[in-house]
Structure formats: C-alpha cells, structure tokens
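**Student:** As a plain string of letters, each chain reads:
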Amino acid sequence: MMKINVILPVFLLLVGLTGLSSCEDNVAKVATVEAEKDITGNWKVVKLTRNGEDLSQRLDLGGFRISFHPDGSYTLANELPFVVHAPGTYQLNDPQYPFALLLTPEGGDDNVAAGFQFPVVKGKRQLSLTFSLGCGNNTYQFNFERENPEL
Amino acid sequence: MKPVTRTLVYLYLVIGLGTTLFLVHCGLTALTVTVPERANVNERVTFVMHSGAEPRIEEPGTYTTQLLAGIMVPKSWNARENAVLTFTSPKGNGVMRMIPDSEIEPVSGVSWHQAAKNMFGIGPNLVDDFEWIVYRSTQAYTFRNNEDISFDVNVECNVGAENMLVRLGFYVGSSIENLRPEDTDYKKVAFSQVFEVTGGEGDLIDFVNPQLASVQPVRSLDNDIITLTFDAGVTQTALEGQEDIYLSIRGYDDAGNLVAEINERSGKTRLTAVGGKRYRIDFWPRSYFNVDQNQRIARLEYFYTDATGAQRVGYGNTEEPFTYTFRCQ
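Chains S and V, in that order, give the protein sequences.
Just so we're aligned: 93 in the numbering used here is position 93 of the first sequence, and the numbers increase by one with no gaps anywhere.
Just so we're aligned: 189 in the numbering used here is position 189 of the second sequence, and the numbers increase by one with no gaps anywhere.
Bound-form chain S, shown alone (with noise of 0.2 angstroms):
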C-alpha cells in the first residue's frame, strides 16, 4: 500500500512534466502554404491615428472609401487626407507576405509606397495601411474594414 502513496503522486508529477516537455514541433512539420492576400472590395476606415494618437472620434472618417478591384485598380471617394489623391493600380509587394503597398495613381509613373499590415481585429478582417501625408515625422495608419455589401 505504502508503494503504492509513493508511485502514484511521482507516476502523475512525471506524466504532467511530460505533458509539459510535449510540445514538439510536429506542428511546425506539417507543411503550409501562405494563402495569397486577397484585398478587394470596398473598404470604409474604422480607425485613424496621428503618431499613434486615436484621432478617429474627433475627425469625421464616414465618407471616405478606397476600393480594390480584382483587375488590380482601386478607386477613392475621397474626403480625408490619404496618401494618394487620383485612382489607379495597386499592388502587393509580395502575394503571401505583404509588407508594403504599392499604390500608382493615374497620371503620375511613381509607385507610392503604404505600410500594409492585414489584421483580424474582433473577429474582422482589417486593412490596415501605414504612410506620412505632410512632414516625414508625422505617421499616419488608416485602420479599415471591408464593408457589407448587403448594408
């Protein structure tokens, strides 16, 4: 019986220690395959801050929409200050792991370069684009959201 006291607690403290060192990386051998960031559709901003200062309250973000469309253009209704002004193409810089990206307004040769980050926040899906609009030290990021077609 007294073995029994003494192998039971160690029998259960080893298989928890086990359970412990068990996290092998089997997870990381299962082989993936980034799935290609898809960024179409209608986007309204849901957030904005000015070097990391919330300003989405205080500005009126409602009118402001950029689009994606599958043909690689985009379209702005435009009424907040954004880091292009005129529709034209856009483009990831790379399809699985995106960092920048790079929008070409109509009219002008120059990519414009966006911080891109592709968040799920509260379950949605955010679009979230980084970029300077005056001064180089004054840091933009637009949070957005893709909107309901249905609403």
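In silico DSBU-like links for lysine-lysine, alpha-carbon gap of 30 angstroms or less:
no., chain 1, residue 1, chain 2, residue 2
1, V, Lys75, S, Lys47
2, S, Lys37, S, Lys122
3, V, Lys268, S, Lys47
4, S, Lys122, S, Lys44
5, S, Lys47, V, Lys277
Partial pick of chain S residues on the chain V-facing surface, computed with a CB cut under 7 angstroms:
no., residue
6, Asn5
7, Leu59
8, Pro81
9, Leu133
10, Cys135
11, Asn137
12, Asn138
It should be emphasised that the hints constitute simulated quantities derived from the structure, not laboratory data.
The beta carbon of each residue, even a glycine, is placed where N, CA and C say it ideally should be.
Model the placement of chain V on the given structure of chain S, informed by the hints.
**Tutor:** Then chain V, alone, in the frame of chain S:
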C-alpha cells in the same frame, strides 16, 4: 491527504513562493539624472543617468542580461544621428548601441523605440515633439546573488538649433525583461528638471509651461491633420466664461499672400471642450481651406472668438493673431 502528496504540494508551494520572492527582490535601483540647467544652441552636452543593480538570486543561480538605456529628446535634436551613450560600472565600461528599428519589443509587438514612447509618453511635457530612443550594451553581464553595484550611463548629444524649455526623459532597464507594463523592478524612468536651450534664432519652443494656444504636431505641412488647442486656464482672457469657442483663421502662401480665410461661427469652426478649460479643433488644412491642388498654405494666422465674433483672443492675450508656420525641420 497522503503524506507524499502533501510533501509534493508543499514542494510546489515553496518553489512558487521562492520564485515570487526572487521576482520581488531583484532589480534596479531608482534612476536619478544629472542634467545641466542650460546650454547654447548646437552645443554638445553630457547628461548622466545614475542607477544600480540589486540582484537577489537563489544560489547558485545567476542572472545574465544586457543593460538597456533610453532617452527622450526633441526630434529636432536629431539624436539618432549624433547621440552617444556609454556606461561605467564596477563590472566594466562600454559603449551602447541603438537597438535597430527592425527589432520588435516582444511584449508590445512594436519597435523598442515606439514601445518606450507608448509606455513612458512625454512625462511632464505638454507638447509632443519627442522621440524615445533605446540603446543596449554590446556585452552581456552576469550577476550573482547580492552583487550590488551602481552604474552611470553618460549621454552625449547635440541640443539642436532651437531655443527651448524642455524636460528630458531617461530610462534604464534589463534586456531580458522586455517592457512589461506590470513590471516596476527592471524598468526605471526619470524626467529631468527644466532644461533650457538659448542663443538661437526664432521663437522659444516651450514644452513645459501651458500655452494659451498651440498646434500639434509641432512640425507639419498643410497636408497633415493638425490640432489647434486653446487653453483658457492659462490666463484671464476676453473669452472668460464662454462655453462656445470658435476659430477665426487665415491661410497665407509662401509669398505672404492671403490664400483663404474662414471667419464664421458654425460647426466647422467650433472647438470641442476637452475638460479643464481646454478646447481643441482638428482639421486637414488643405480640405478645411478648400485650396486648389497646386496651392500651398505656408502659414496660419488665427484668433479664438466667442459666439458673436466680437470678443477675440490672440497671441499672448493681445490683438495680434497667433501664428503657425508649416515646416518639417
């Protein structure tokens, strides 16, 4: 409870308690700073941070880490380019290197500099035109139990070309602890007394004392989004007791010609109260003034008025307008 189980439970408790005590009693001592009262523009000045380490580690364990140090200075100083940080300690002296922007502070998920800015802010300053820059010792150092030391971090930096009143920020930390919000043992922050830079051209930039009116960001162009504030608590003005404060503003181009003027009392020009007798209005100047694509606004002149427009307040509580020049440098 069976005896062995009880022993194991006690063992867990002791280990847990030991870990907690270790966390509570280890760390850095309070940070103090030596900052001169004033300097001339473009002078190279030395600031000194004084702190220490108090390792309380269960023998025979050791604690190995790199020293972190951060400074918060006006962006106009260009400290990223010209600041040099060194440290002296009984465990050795060394140079510190700026942490690359690409390196992410693990707790916040942003760069170390941005993480420090988010965590420590601008301290007692009232206007934000600052950057936090975080440096790390090139070497790691190993501490044993009770190996208490004190150390100094020397910051050499040019103070820029602008006259200013400012309180500078300083930080020391331990590289393996990151910037955890709840941690108070491994990150120590201090802000200096008022430091004055004199002898330059142009207006004094006062980061410390409340201003009747101010514009944020301090440096911006007409394509930025800017915030104009009015602080009625600074002094008694003609708008004393008014609840509705309006903006009356003119935009000028580089040549000094009037480009646009907005002098109306409406939702467009009404400031929002933010408490403490402070008011603000945010706008994008290019759209606010509705200027053509080729037109640039170089300078603003503005007053704050009451609902009739009859009572107005200008620069220094006079009839002169407040002014703001769009520039990046």
